[in-house]
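K.L.:
Sequence:
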Amino acid sequence: MMEEDEGSDAAGSSKKKKKVYIPGVSRPLREDEEWEFDPEAYRMYHSFETRWPCLSFDTIDDELGDGRSGFPLSCDLVGGTQAEKAMSNELIVMRLSNLHPIEDEEASDSEDIDESPDSKEPKMHAAALNQGKVTLWNLTPALQEISAMEGRDRVVKRPKERPLFSFVGHQAEGYALSVELFRFVMDPVLTGRLASGDTRNKIYLWTMVEGGQWVVDQQPLAGHKKSVEDLCWSPPSDACTCTVSNAHESDVNVISWNKFEPLIASGGNDGAIKVWSLKTMQYNEPVARFRQHKAPITSVEWSPYETTTIMASGEDDQVTIWDLALEADSADEIDGVPPQLLFVHMGQSEVKEVHWHKQIPHFAITTALSGFNLFIPSNL
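Position 34 of the sequence shown, counting from 1, maps to 34 under full-length UniProt numbering, and the rest follow consecutively.
Since the hints were made in silico from the structure, they are not lab data. As the structure is a computational prediction, the values presented were derived from the model and not from experiment. Just to be clear, a hint being listed does not mean it is correct.
To be verified - Below are the BS3-like pairs computed for lysine-lysine, each with C-alpha atoms no more than 30 angstroms apart in a straight line:
no., residue 1, residue 2
1, Lys133, Lys157
2, Lys358, Lys157
3, Lys123, Lys279
To be verified - So the derived label-pair ranges between C-beta atoms look like this:
no., residue 1, residue 2, range
4, Gly70, Glu249, 36 to 46 angstroms
5, Gln213, Thr307, 37 to 47 angstroms
6, Lys133, Pro39, 36 to 46 angstroms
Idealized CB from N, CA, C, for every residue including glycine.
With the hints as extra help, turn the sequences into a complete structure.
P.N.:
Here's what the structure looks like:
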């Protein structure tokens with residue numbers, strides 16, 4: 001984002017000079033000023049809206065390959081809507097194709113790239129409903145239908161689709177796919193094991209048994225005294241749990257395990273992002289803490305490709321990207337800006353969730369009340 005300052009050249013004529021706007025450091029905008037999008041800050045940037053905002057979403061793995069970077073890009077997403085009426089809510093499966101870099105926008109009218117065959121492995125997703133019900137869905141039929149579509153901007157509804165499994169043991173109400181009230185995560189180590197939590201401090205474990213049926217433990221895990229705001233399985237180990245007391249000055253909203261190292265990132269209502277090491281967890285002190293955000297943190301996630309990179313969002317409408325490996329350099333240092341702050345993305349209203357694409361390096365996706373943004377920063 002850029003802001004403009006007025007100055008004068010040697011001849012005395014006025015001119016406008018662009019400066020980078022840094023939240024929390026730059027002066028507040030005047031009434032007659034506005035942010036200006038700077039395309040040089042992005043290798044790729046796209047935005048779109050759904051009929052109702054999706055305040056929670058996830059990426060869906062495809063068969064186009066891991067670590068791919070060639071343009072145009074394609075990705076599959078699934079999101080849960082936040083409609084005015086609960087009965088109008090939908091689970092939306094989306095395929096985004098022909099995602100070109102900024103310099104190739106003129107070529108965006110080219111033919112869609114050839115999609116690879118659908119995976120034989122079922123794609124499953126869980127949704128938490130405001131009645132306290134958690135449902136498990138098979139997304140494979142929807143993805144197959146998308147692959148068979150021709151043309152652009154096609155929409156097909158599947159009103160008769162039913163979930164594979166429903167669990168009504170949660171007694172607390174919440175918002176559809178709300179990260180504040182419910183979390184539902186699949187164990188990446190043991191296929192067919194899941195966990196769900198609610199606002200009444202209950203965590204239930206799900207297990208897939210023979211025949212593809214699901215069994216939920218009738219006795220929930222005890223220990224929490226207040227709402228379970230987030231759940232995340234440990235990727236390095238299938239038998240690891242940890243607890244940190246008073247980790248933040250107020251509620252802990254979100255957490256994320258590092259895929260490569262025994263590190264956990266947490267975001268709280270205090271606006272702080274903290275990084276915890278399992279090696280020093282007993283001292284109850286984080287190994288890093290950042291306070292760029294001026295409002296509660298709504299989402300945090302480690303990069304699936306970079307060991308030290310984190311993305312976070314907050315109620316101050318900032319999306320920040322951090323690199324723990326960066327150190328202060330007097331030549332590049334900016335007053336009031338932490339040296340680990342790599343990138344700031346803005347322009348959305350009420351950002352609720354952020355994700356890295358698991359198969360495309362540096363591809364960031366954010367959702368907000370104002371819609372979706374998809375981007376790749378130029379400095380990654």
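K.L.:
With reference to the structure, classify each hint as holding or not holding.
P.N.:
Status of the hints after comparison with the structure:
Among the hinted pairs, Lys133 with Lys157 is consistent with the structure: their alpha-carbon atoms are about 22 angstroms apart, no more than 30 angstroms. Note on Lys358 and Lys157: the hinted pairing holds, with a Cα-Cα distance of about 27 angstroms set against a maximum of 30 angstroms. For a cut-off of 30 angstroms, the pair hint linking Lys123 to Lys279 is broken: about 35 angstroms separates their Cα positions. About 45 angstroms separates the C-beta atoms of Gly70 and Glu249, a value consistent with the hinted range of 36 to 46 angstroms.
Checking the proposed 37 to 47 angstroms range against Gln213 and Thr307 shows it holds: the Cβ atoms sit about 38 angstroms from each other. At roughly 44 angstroms, the beta carbons of Lys133 and Pro39 sit within the given window of 36 to 46 angstroms.
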